[in-house]
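Position chain U against the provided structure of chain W, taking the given hints into account.
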Amino acid sequence: MTRERVTVEDPGQLIPVVRRTALVRCNPLTKIAVALILMVGALLSIDVVSAGIILGFSLLALPLTGLDLKAALTRLWFLPVGALLAAWGTAILAEKTGATVVDVGPILMTTGSLESAAAIFVRALALAIPLVVLASAIDPRDLSDALVQHLRLPETVVISILAASRLLGLLVLEWQTLSMARRARGLAGGSILRRTRSLFAGIFVLLVQSIRRGTTLAMAMEGRAFGRPGRTWRRRSTFGTADAVVLVLAVVVAVVAVASALVLGTWNPIIPG
Amino acid sequence: MGLPIRAHGYSWRHADRDSLAVGPVDLDIAPGEKVLLLGPSGAGKSTLLHAIAGVLPTEAGESGGEFLVGEAAPDPRRGVTGLVLQDPNSQVIFSRIGDDVAFGMENLGLPAEVVDARIDASLAAMGLDLPQSHPTAALSGGQKQRLALAGIHAMAPEVIVLDEPTANIDPVSARAVRDAVLTVQESTAATMIVVEHRVGLWSDDVDTVIVLGRAGIVAHGTPDEVFGDPALTEVLKATGIWLPESGSPTATDRWTVPARTGAQDRLGSPVLVGERLSVARPRATVPAATDLDLEVRAGEALGIVGANGAGKSTTALTLAGLIPEFSGVVRAAGPLAAGAKEARPFTWPSKFLAPRIGMVFQEPEHQFLKSSVADELALGPRLAGWSTAEVDARVTELLETLGLADIADAHPQGLSGGEKRRLSVAAMIAPRPQVLIVDEPTFGQDALTWAGLVALFLDVLDHGSAVVAVSHDLDFLDAIGARRFTLGTAAQTLRGERVE
Numbered sequence: 001m002t003r004e005r006v007t008v009e010d011p012g013q014l015i016p017v018v019r020r021t022a023l024v025r026c027n028p029l030t031k032i033a034v035a036l037i038l039m040v041g042a043l044l045s046i047d048v049v050s051a052g053i054i055l056g057f058s059l060l061a062l063p064l065t066g067l068d069l070k071a072a073l074t075r076l077w078f079l080p081v082g083a084l085l086a087a088w089g090t091a092i093l094a095e096k097t098g099a100t101v102v103d104v105g106p107i108l109m110t111t112g113s114l115e116s117a118a119a120i121f122v123r124a125l126a127l128a129i130p131l132v133v134l135a136s137a138i139d140p141r142d143l144s145d146a147l148v149q150h151l152r153l154p155e156t157v158v159i160s161i162l163a164a165s166r167l168l169g170l171l172v173l174e175w176q177t178l179s180m181a182r183r184a185r186g187l188a189g190g191s192i193l194r195r196t197r198s199l200f201a202g203i204f205v206l207l208v209q210s211i212r213r214g215t216t217l218a219m220a221m222e223g224r225a226f227g228r229p230g231r232t233w234r235r236r237s238t239f240g241t242a243d244a245v246v247l248v249l250a251v252v253v254a255v256v257a258v259a260s261a262l263v264l265g266t267w268n269p270i271i272p273g
Numbered sequence: 274m275g276l277p278i279r280a281h282g283y284s285w286r287h288a289d290r291d292s293l294a295v296g297p298v299d300l301d302i303a304p305g306e307k308v309l310l311l312g313p314s315g316a317g318k319s320t321l322l323h324a325i326a327g328v329l330p331t332e333a334g335e336s337g338g339e340f341l342v343g344e345a346a347p348d349p350r351r352g353v354t355g356l357v358l359q360d361p362n363s364q365v366i367f368s369r370i371g372d373d374v375a376f377g378m379e380n381l382g383l384p385a386e387v388v389d390a391r392i393d394a395s396l397a398a399m400g401l402d403l404p405q406s407h408p409t410a411a412l413s414g415g416q417k418q419r420l421a422l423a424g425i426h427a428m429a430p431e432v433i434v435l436d437e438p439t440a441n442i443d444p445v446s447a448r449a450v451r452d453a454v455l456t457v458q459e460s461t462a463a464t465m466i467v468v469e470h471r472v473g474l475w476s477d478d479v480d481t482v483i484v485l486g487r488a489g490i491v492a493h494g495t496p497d498e499v500f501g502d503p504a505l506t507e508v509l510k511a512t513g514i515w516l517p518e519s520g521s522p523t524a525t526d527r528w529t530v531p532a533r534t535g536a537q538d539r540l541g542s543p544v545l546v547g548e549r550l551s552v553a554r555p556r557a558t559v560p561a562a563t564d565l566d567l568e569v570r571a572g573e574a575l576g577i578v579g580a581n582g583a584g585k586s587t588t589a590l591t592l593a594g595l596i597p598e599f600s601g602v603v604r605a606a607g608p609l610a611a612g613a614k615e616a617r618p619f620t621w622p623s624k625f626l627a628p629r630i631g632m633v634f635q636e637p638e639h640q641f642l643k644s645s646v647a648d649e650l651a652l653g654p655r656l657a658g659w660s661t662a663e664v665d666a667r668v669t670e671l672l673e674t675l676g677l678a679d680i681a682d683a684h685p686q687g688l689s690g691g692e693k694r695r696l697s698v699a700a701m702i703a704p705r706p707q708v709l710i711v712d713e714p715t716f717g718q719d720a721l722t723w724a725g726l727v728a729l730f731l732d733v734l735d736h737g738s739a740v741v742a743v744s745h746d747l748d749f750l751d752a753i754g755a756r757r758f759t760l761g762t763a764a765q766t767l768r769g770e771r772v773e
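Residue numbers (the numbering used here), protein chains in the order written: chain W, 1 to 273; chain U, 274 to 773.
In isolation and in its complexed conformation, chain W is listed as follows (with noise of 0.2 Å):
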């Protein structure tokens, strides 16, 4: 068979995953299990070593992801932004201590406030990077055979989320027609008011259909044995060498970059203890 060039994406997933590397196979709870390790070693403190590093592996990793990259530059703008963002607002704030780089007017910066600046940066992106990419990384039906299979969460209650995430989709395709339809009917536009109001006709238009998908999504569901008792389930989440690798390698980085941080002097605690 040739192969498949999708051109409608899942509108489920930010960054669509372009190549199935062994991260990509890797188990889900894996995948979550790694973000974690790592946001852990970036929360403990604020400090450009022990973020550095993290966000040093993150980057170094992402290729492995399968992720399309460019896909995530677009998409993820919003990330340093907000890391420079909250950066600024540190150096402005933060405490006054060593030389004066800048001082114009209300705006002083010191050695020191950059520095705590250039922490709050590096630690934010640390810690947002490996949980958006590997939550990118997840496929969500692979992650609720892992629910039911090893967390044993209910599974009635997960393949209701699971489908009924799927309506969510959707409703953003329902939202863009009835956008349409609006402006189609005239309505879209003109003063405040009238927007507002036509807004409201819309959202409420968009209740309506959702309640009348959710009702035949559920009566698709049952009419196909959903909720019989006694399901399989055919694809068996298992752990594999990858995953023990992985999870190895994010608790060495994290404890690699907790001891640098302490050999170095930089640890800076966020509980002082």
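No lab work stands behind these hints, which were simulated from the structure alone.
Owing to the predicted nature of the structure, the values given are computational and were not obtained by experimental measurement.
One should not assume that every hint holds.
What the hints assert, rightly or not - If you want a taste of the chain W side facing chain U, the calculated C-beta under 8 Å gives, among others:
(1) R141
(2) T177
(3) M180
(4) R183
(5) R185
(6) G186
(7) A188
(8) L199
(9) A201
(10) M219
(11) E222
(12) G223
(13) R224
(14) G227
(15) R231
(16) R234
What the hints assert, rightly or not - Label pairs and their computed distance ranges (CB to CB):
(17) L151(W) x R617(U): 47 to 57 Å
(18) L153(W) x G658(U): 52 to 62 Å
(19) I92(W) x G658(U): 51 to 61 Å
(20) E507(U) x S191(W): 51 to 61 Å
(21) I203(W) x A511(U): 32 to 42 Å
(22) W77(W) x E459(U): 50 to 60 Å
(23) P503(U) x L173(W): 26 to 36 Å
No residue lacks a Cβ here, since even glycine has one placed at the ideal position from N, Cα and C.
Here is chain U on its own, set in the frame of chain W:
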């Protein structure tokens, strides 16, 4: 092997209604029997089907009498029934087609090896030769229906229940879906009950026809018995059921469909022109259709035809000025361009666009913005700056033509399917736009609504407006005298050619 279905005095009443939604009915369906269930809208066909599948929510109403599927009351958890519904979008469960087909089998508790083996077989049996990882979001409506059927095929149920499975898909796909259904039935020898307006699609293949009326069963027999009875045929026609031999123009019996003679002479100047036009949904990187050159003239009907996924709806939305051209240009010409700052309808403000180019969406629900039928009809003319007297006169006229006068104060979202469709068209033609663009106006409509729509569009054309209709319904396009414009692979050769 199929299960028998027996009902004795069965009835169902919705919790918020006084009258019965269905029944009381007596049914006796043999194992493996193929039944076509007919009836006017509001007779409770869907409710009866849902009762057979056991998916009527118990808290939503009250049942009476006795109902047995096999030896027990219907219950979806028994896993003996498979249900396919009308709306393709609302019954996709997972985001990959392989998982979706597996859903029912997993619910039945089949071992993983069996499930895996059956997925590809069921997909192939339904004519879906796609990899298991194919995203369900990328399927067309017809493909989604076949996906739902593949899920049922894989479950090999003892009772197959189908609620207008082809109502929302094109005639070619509809025949493929019907064949797929018959394949499933044949391979499982299941008892099958199907509800469908288009009798001709099924009448050769079913054993029994049951006609449900508002007060129980009206007729019950073989297709020959039911359709061979002239008195009964009259009753069926009057309720809007499409009869096998008569085809679409059952219409002519109740609605005088004037022949469009001399249509060519009345052709006016071009009002809407697409030049080297490529169209795409917002944010799509690949165009849905490319290189279109088309011209819409005042007083003419243009039918946009083509296979599923050929970009018909996208073309319609682009012509309607609702989404920007991917490349090329759509421009208004002649009288349509009068008073416009720019020729491209996409640049027009909503208030300027609406009275000039009307767009009727595929799902009527999407375009209702008011809380009563009358307000919905008054909206367009009012925006176009008509006087109160003119608006009132127009609304009254439309309410009467459409037979909606009794429900002028009803909420549009609460109407029946046919009423919603008629209202959505009427609301767009109310301000007498010069171009009316419609997307699949006849999908899933009964013969009465169909004929009403034809009359409505002919009236629009007679007033010198142009109609652009995206449709798979060639009978409809012929009835309004539409010239055909084919999208898809054949577009280059067929472009703009008149197909008589």
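Output the indices of the hints that this structure fails to meet, ascending.
Numbers 8 and 23, in rising order.
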